[in-house]
Every structure is written in C-alpha cells, then in structure tokens.
Amino acid sequence: MSGSPPPGDPGCGGGNDAEDGVELGTVSAAIADAHRREWAFVLAATARVAGDLDLAEECVQDAYAAALTAWTRQGVPRNTGAWLTTAARRRAIDAKRRDAVLRAKLPLLIEPDSPVTASAPPGAGAAAEDDVIPDDRLRLIFTCCHPALAREAQVALTLRLVCGLTTVEIAQAFLVSEPTMAARVTRAKKKISAARIAYRVPGAAELPDRLDAVLTVVHLLYTTGHTAPSGENLVRADLVERAIGLARMLRTLMPDEREVAGLLALILLTDARRATRADAQGRVLLLEEQDRSLWDRAVIAEGAALVPWALRGGGPGRFALQAAIAALHAEAPSYAETDWPQIVALYDALLQVWSSPVVALNRAVAVAMARGPDAGLAQIGELEADGRLSGYRYLPAAKADLLRRLGQPAAAARAYRAALALTDNAAEREFLARRLTEVTGTPI
Amino acid sequence: MAEYLILICEDENAYATATPDVLQQVMEAHGRFAEQVPEKGGKIVEGRALQPTSTATTIRGDVVTDGPFIETKEAVGGYYLIEARDLDHALDIAKLCPARFGGVEVRPIMVFG
Numbered sequence: 001m002s003g004s005p006p007p008g009d010p011g012c013g014g015g016n017d018a019e020d021g022v023e024l025g026t027v028s029a030a031i032a033d034a035h036r037r038e039w040a041f042v043l044a045a046t047a048r049v050a051g052d053l054d055l056a057e058e059c060v061q062d063a064y065a066a067a068l069t070a071w072t073r074q075g076v077p078r079n080t081g082a083w084l085t086t087a088a089r090r091r092a093i094d095a096k097r098r099d100a101v102l103r104a105k106l107p108l109l110i111e112p113d114s115p116v117t118a119s120a121p122p123g124a125g126a127a128a129e130d131d132v133i134p135d136d137r138l139r140l141i142f143t144c145c146h147p148a149l150a151r152e153a154q155v156a157l158t159l160r161l162v163c164g165l166t167t168v169e170i171a172q173a174f175l176v177s178e179p180t181m182a183a184r185v186t187r188a189k190k191k192i193s194a195a196r197i198a199y200r201v202p203g204a205a206e207l208p209d210r211l212d213a214v215l216t217v218v219h220l221l222y223t224t225g226h227t228a229p230s231g232e233n234l235v236r237a238d239l240v241e242r243a244i245g246l247a248r249m250l251r252t253l254m255p256d257e258r259e260v261a262g263l264l265a266l267i268l269l270t271d272a273r274r275a276t277r278a279d280a281q282g283r284v285l286l287l288e289e290q291d292r293s294l295w296d297r298a299v300i301a302e303g304a305a306l307v308p309w310a311l312r313g314g315g316p317g318r319f320a321l322q323a324a325i326a327a328l329h330a331e332a333p334s335y336a337e338t339d340w341p342q343i344v345a346l347y348d349a350l351l352q353v354w355s356s357p358v359v360a361l362n363r364a365v366a367v368a369m370a371r372g373p374d375a376g377l378a379q380i381g382e383l384e385a386d387g388r389l390s391g392y393r394y395l396p397a398a399k400a401d402l403l404r405r406l407g408q409p410a411a412a413a414r415a416y417r418a419a420l421a422l423t424d425n426a427a428e429r430e431f432l433a434r435r436l437t438e439v440t441g442t443p444i
Numbered sequence: 445m446a447e448y449l450i451l452i453c454e455d456e457n458a459y460a461t462a463t464p465d466v467l468q469q470v471m472e473a474h475g476r477f478a479e480q481v482p483e484k485g486g487k488i489v490e491g492r493a494l495q496p497t498s499t500a501t502t503i504r505g506d507v508v509t510d511g512p513f514i515e516t517k518e519a520v521g522g523y524y525l526i527e528a529r530d531l532d533h534a535l536d537i538a539k540l541c542p543a544r545f546g547g548v549e550v551r552p553i554m555v556f557g
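For the protein sequence lines, the chains are X and D, in the order given. Those letters in the first sequence? Residues 1 to 444, per the numbering used here, in order. Those letters in the second sequence? Residues 445 to 557, per the numbering used here, in order.
To be clear, the hints were calculated from the coordinates, so they are not data collected in a lab. Being a predicted model, the structure only gives us computed values, none of them experimental. For each residue, glycine too, the CB sits at the ideal point set by N, CA and C. Hints may be right or wrong, so weigh each one.
Claimed, not checked - Partial chain D-side listing against chain X, Cβ under 7 Å, derived: (1) A446; (2) E447; (3) L531; (4) D532; (5) P552.
Could you build all of it, start to finish, from the sequences and the hints given here?
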C-alpha cells in the first residue's frame, strides 16, 4: 500500500514548506503522540466501515505505518486523527472489496438502528470538510466492556482496542504469559462476532448497568497500575496514565453522566497523592505518614471540583461517593484533622448503593478514627465472622494496626503475620515486616 | 436476524417432586413466554421439552451406555430456537424464558457458507 496521503486529506499542510521533507524525529514523535491520543478514535471509526474488529485493527496499524513515510515526505498534517482515520477507512473499504466473498462471510458488527451524532475528531478544529467522521469511541468501549464478556476479557479488549496496547504489553501489565493473553483477546473477539455483540451504545434503559461495567474496567486498570510499586514495573505505571486518559475521554463523551464525573474525580484525587505513596526506598507509606505538602494541589483541585457535580441530584452512585471520600482526605490539613465523622457518613451512604465487605472494612477504619480503635476493631470482628473477606490481606493488616494502637503487641503481631502470609507485593511485604518488627521488638 | 439456542438448564429433581400446581404454573409461564417473544420483536423457531436424563443413552465410539454424557445436578431439560437481531436482543428475550429451578444458557447458532 502506498504511503501517500488520502485525497481530500483533511487538515494537511500544516508546516509543510520544506520540499525535502520533515525530520524523522519530528515525525516519529507526531506518530507516537497520535497513537496515544487518537488510536481509539481511528479504530472506532474504522471498525464501523470494516464491520470486523480484526480487519479494523489491521487497517489502523497499516495507516500508522503509512503515516511514517507520508508525513516525512509531506509534513505532519494538522489533524493527524482525521488523516489516519481516512487512510485506515480507505484500506478497510479496499480490503472488503478485494475479498468481497471472504469478508461477506464474516459475521459483521451490527449497524445500529438509531443515527449517531457525528462530531469531528479531537483537536480537529476547522479541519473537517463535508466528510465528517463519526465519533464511535463510545461504541467501541461499550462493545469491549459488554457484560457477556468476562471481566478479564473486557479489560484486555479495552487496552488492546481502545488504548492500542500490544498483546505483549497487556500480558506484562497483568503478569500473564503472552500466549495466555493472546488467547484471551482472540477468544473475546471471536465471541463478539460469533454471538453478534452489537457495536453500539446501549439505550437509556440499560445504560446505568452497562456504564457501570465500563467504569469498573477503567477503575480496575487504574488500581492495577496504582498498586504496582513505582519503578518495579513501568508497564503497570503506564496503566495509570491509560486509565486517566480513558476517564477523561469518557467525561468528554458523556458530560451528563454523574458517575463518569465521579470516576474521573476519584482517580484524580487518588493519583494526586501518587508521589507520596512510597518513600525513596520504595517503602509503602500510609496516608498518615505521607508528606501532604507534596500532594499535587492542581490535580486535587480539578478532582474536587467535579465532586459536587457528581453528587448532585440525590442518590449519588458509588464512584461519586468514593470521590467525595477521597476529596475529604485530599483536602484535610492532616490525618488527625480529617473530617472522620463525615467520612463515616459517606461510607454509610456507599454501603447503601454498594454492599461490599471491602467498603465495610474501609468504613471500620474510618470508625476507628472517628470513635476510637475499639469501635473500629468491633466492626472488623464482625467482618471476620462474616467470612467473605477471608484471604483478603488488608483485613488482618487493618486489624493489626488497630491492635498496635491499642497497645496489644502480641495480638497485633499475629495479625501482621496473617497479613504477610497473604501478601505478594514486595513493597507491601516490606511495610508489614517493618511494622511486625516494631511490635515484637525483634526482627523476624 | 440471527439464530440463538436457549438451553434451559434446571434441577431435574425439582420437577420430579413438583406438585401438579407447580407444574401447571410452569406450563403457563411457557405459554406467556411464547406470547412475549413476538412482542419483543423476536421469533420462536421451535421449542421443545426433553425427557429427564434418566432416559438418556450415551454413545462413545461403539460403546452404548445408559445415562447422560455428564451427570450434573442441573441438566438441559428443554430448549428454544429463537431469532433475534443481536446478542443484546437475544439476552433480552432469554431473560423472560421460564427456568425457576435453574437458568438458561444462550448459544449463537453457527452459520456456514
């Protein structure tokens, strides 16, 4: 395939004076930037034309490859997303025409009944001509996160199709082998076509549940990256950036959805504290040990500003409530001066909409701060009896901390050992071992 | 439109011990389902109930064995072949399918050629 730009190339010609082409480094940087920012838009729009996710991926990859030659020769187009989309869609149409018989046999992604609002690609400016490319990114992410797919498949597909990560990168991020991840992605794509999972945004009636699945996937990407110790696994750190990018994308595409605002706020408010989560040696620092002067105030302000909006109108969702809790933490002058009664009240509201033993455990920690360690310990005792958190490392860890505060070193040591037995994460093990040494007075 | 098979997987024992009243309710529920599918824009191509797995005969190679392929508490006791626009539509329909002693499994029919 030729690397020449598509006729009617929207927005081409920016900084295109040099006859002898553009410096390779500039072009490579532009392509890397377009990969990160425009991949979802380009693939989503191409999938609609290709009617097949595999073909769409192939065409988009070809378009990015072709851009290297074309942009070096003719300059980086002003609207890279539109250039890539036009090129990829043309390839998809060619491939379908060429292999008409073969392609016609493949199960197509289902075209919707309802028209979509077309819009120009991000940063398009005045570039788009009469051929406005529809923004299909929501279709793509809702298809990737369809409830008929297992959560791990939803996560893998989102990273692969929406974020444009390679199977190798996804496998590394989730600590599985490449063949395992490749099989997972292939199986999910096959199910989409064989079972005819529709390429569409769900209707109003099903939207709350379907959106919750999308938000859960994005949040899971964030926490997976966030939990990874800094520096130990750079691919996982990249997940944090990807998750923030996805949350921002959803916020742009669904400005009226309160839970989308809640998710973005939650992620920003948590991430604003990223630099202080571990010390220079990579040791995990608790919220109370973190240097609050190092928290990113601009990010906190951005996240906190979203919270009232996410909470408004009554009956807030679980992401909005978690964001509200995170905002109280982020804006408190110190751990002790945090508005703990208000945090307990928010956890009560959260338990109403999201009855999870993990939420109950977090509430117990807040109760300990608001009413004393004894009160918190009583709640943890109930959770232990409940049994649903057996095997969850943060339960014995929280219990150990309260026992330590109550001056019961022997019981605290038992709980720290129980937590250690459940923890694989190196930085967290180091933290627990340190605390165990403190309460026993001897190294383990 | 595409075709999907709704496999009704239920606890056979629950049917064996069910009162006539309960069996009557089940029959009525399936009657309602047959009315609801076209209302939903789908179509039932066919639907049948199966005799229990105690009547099944399994053949592997040349060996004929009394009993089902796999012994499970919940077994396929009936099916509907339906037409639906896509998976969401098929799932919408399948959610209405009566299966009070278990659940249903939805499988797309493979299309050749």
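Consistency of the hints with the structure:
1. A446: holds, 5 Å
2. E447: Because about 10 Å separates E447(D) from the closest Cβ in chain X, which is outside the 7 Å limit, the hint is violated.
3. L531: holds, 5 Å
4. D532: This interface hint holds because 6 Å falls under the 7 Å limit.
5. P552: Where the cut-off is 7 Å and the nearest Cβ of chain X is about 5 Å from P552(D), the hint holds.
The structure does not agree with numbered hint 2 stated previously, though it agrees with all others.
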